[in-house]
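Student: This is what each chain is made of:
Number of protein chains: 2
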Amino acid sequence: MIAQSGGPTVAINASLAGIISQSIKQETFTKIYGAINGIEGVLNEKFIDLSIKFMDHNDKIQLLKNSPAMFLGSCRYKLSDPTIDKLEYQRVFKIFAKLNISTFYYIGGNDSMDTVAKLSQYAKENNLDTIIVGIPKTIDNDLCFTDHTPGFGSAAKYIATTMLEIAYDTFIYNLHSVTIVEIMGRNAGWLTAAAALARNKYYKAPHLIYLPEVVFSMEQFIQDIKKVMLVEKNVIIAVSEGIRGKDRGYISAMGAEKDQFGHSQLSGTGKYLEQKVGEGIGCKVRSIELNVLQRSAAHIASLTDINESYLLGKKAVSMLGTDLNGKMLTLERTGNSPYCINIKAICSADVANKEKKVPSDWINQEGNDVTENMISYLKPLIEGEIDLQYVGGIPKYLPVNYWDEV
Amino acid sequence: MIAQSGGPTVAINASLAGIISQSIKQETFTKIYGAINGIEGVLNEKFIDLSIKFMDHNDKIQLLKNSPAMFLGSCRYKLSDPTIDKLEYQRVFKIFAKLNISTFYYIGGNDSMDTVAKLSQYAKENNLDTIIVGIPKTIDNDLCFTDHTPGFGSAAKYIATTMLEIAYDTFIYNLHSVTIVEIMGRNAGWLTAAAALARNKYYKAPHLIYLPEVVFSMEQFIQDIKKVMLVEKNVIIAVSEGIRGKDRGYISAMGAEKDQFGHSQLSGTGKYLEQKVGEGIGCKVRSIELNVLQRSAAHIASLTDINESYLLGKKAVSMLGTDLNGKMLTLERTGNSPYCINIKAICSADVANKEKKVPSDWINQEGNDVTENMISYLKPLIEGEIDLQYVGGIPKYLPVNYWDEV
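Read top to bottom, the protein sequences are chains A and B. Each number in my numbering comes from the position in the first sequence (counting from 1) with 746 added on. Each number in my numbering comes from the position in the second sequence (counting from 1) with 746 added on.
Because the hints were derived from the structure by calculation, they are not lab data. Small disclaimer: the values here were computed from a predicted structure and weren't measured. It cannot be assumed that every hint is accurate.
Note that identical chains are pooled: a pair holds if it fits in a single copy or bridges any two copies.
As the list claims (entries may be wrong) - With a straight-line cut-off of 35 Å between C-alpha atoms, the simulated DSBU-like cross-links for lysine-lysine are: (1) 832 - 947; (2) 1100 - 979; (3) 1030 - 799; (4) 972 - 870; (5) 992 - 792.
Next comes chain A alone, as it looks inside the complex:
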């Protein structure tokens, strides 16, 4: 049985496709179930038969590999503490027993690995023999013990490409301007750092990069912009939605604090900074929020990312002999030139509910840019373009919510 959980990425279906493809190839399982809407689908017994849907349909597997979001739907559901309430666990394993589930794959992020850890622990303690395996995904790249996470490379490629195109949009007028681009990432700055990949031998945009790992100072921010403006007509800034001030409160919330009249929900980090730059510098200012396209723009997915995610799915089947129970698969980078990865596995409990931040020596001393270490780390992850089918001028993706329920 396979399920997907957490926020969408462009690569999460590639891992699903990898599991299905390898299972069919190895004839590992007699049947492959998909649970609809994550662990909730298991508890509610909402399943589809993936073996019927994909057996002898390699074209569909390829389409699945390149389709965004989650074919099986998602949930945000935290299992209860098993020392307090065992009912959910009993229900899950009763259903597993009824359907004769030998292996349960859960594709997700930090929270999903909590589910993997809890289920496998419960199985161990109760001598139940369903193997529970975690497969990582998150655009945030904040999982520990893996070089990077599936979905991150594609989000990074979208951000870098978009940042380059925003720069082109900015350069055309002969006047001073500041453009603030707000990028996802509440606690970790990996996605915002990826904006640096837009730079080339002609353009230094984004000229400034602010990550949540650095304490944000509005005075310094305005000074930084003024300094760049001495040499650049158009200043382009990448800023994480999660930047925080000295008091560790979100900058975006600072506007809310000042507004007593219930309009706080109108203000994002970028919009708030736009206002402040307008006041502090007085040139043309605009802010752009990249929004959900960062995690759903499959049309500009990274081939490296999609292939790695697919491989993780395949390995989750082919490595079953090596005691994968309770483990999450990881990507280990063995080289950068040529870029090379190995797939390993780690105890999911070690990953669950933790966040990997950007190391401080990958951020420059001024706290307004990333260093060469970060660039070298990021570069291989956005390499390559997928071969997408277009119908009527728009990409062809496998539809979701259109499975027949078993």
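Since the structure of chain A is already known, use the hints to place chain B on it.
Tutor: Just chain B now, with coordinates in the frame of chain A:
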């Protein structure tokens, strides 16, 4: 001499590439100047020699064809009324005479056609023999007397693709939600209408479409959403930034009216509607502003659009014998299956400072969707994908602001 003006599009460089390519092929001109930053560049004598740059460099012409924004930079400059102030006109034609300019091409939108009309009128009245030719571009598709405008098809393709990917991002959770996507277009709804192209046999998203041509009613809007919600779990709405209420004031400004405390600039149309839907319906609501990517996302340009824009540039040279003076080239659609266009020319004064709105019979009776006429009109314009080069995982575009000044 060639110059570009107004807001950027993904296709405006294709027209420039077309002029250069055809001029070189036909040996029409001994020299091709590019004026930097539109008519301002002419007045300030900021030129580059495009013949040197592109002669025997077909690879560079191809790269230019696929590069976003404006290679020559832009301006927003309105020439004075020649009956009041002739100084600027004297200066322009003195410079043309000095450089022996036989033809001046101006690539732009409504305002740029005003420049074309004024310059050609002045030339006629003063027996000056520089031919002034307008080449249309605008993502807004609001130029009269042309079936559509270069740049619109690519913007429409970006909007349709993005809308589809937003829909995928939305479908994954098993809960009710409303997603409001704000699309460019202050006065004309063409771009917002293009969101309808995201629909396929599985998905009806966007379920509701609101154009500036229809008087917007907040009560009706909330009723419309409630009605869709009876059959759809996730309601996705395309809304033009320019929707207006009965008093013809922008909806986005309604929030500003209610907020006495200087926070009006924080609120866009989408954000304002998000708040209203939150209050009126109370489910999960989010708004997404597509922003400048609509006009700069060259990585998902429409091949039809790029090829037509290129062809317009070529025709602007090859048709020179047919009295193009003071004219703007137009696209005339001669068929839809197969889709076919002719290139014609019309007096630029007829186009200048006018806007083409969406016809009322292309909008449904309820005023919350477009009709089949609109879909048939739009479909061919987003067909085809360009063959883009990628370097290091991001698109390769010709750099701007890096010409040596002549």
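Student: Give a verdict on every hint.
Tutor: Do the hints match the structure? See the list:
{"no.": "1", "hint": "832 - 947", "verdict": "neither (59 Å within a copy, 44 Å between copies)"}
{"no.": "2", "hint": "1100 - 979", "verdict": "between (41 Å within a copy, 33 Å between copies)"}
{"no.": "3", "hint": "1030 - 799", "verdict": "between (54 Å within a copy, 32 Å between copies)"}
{"no.": "4", "hint": "972 - 870", "verdict": "neither (60 Å within a copy, 48 Å between copies)"}
{"no.": "5", "hint": "992 - 792", "verdict": "neither (47 Å within a copy, 48 Å between copies)"}
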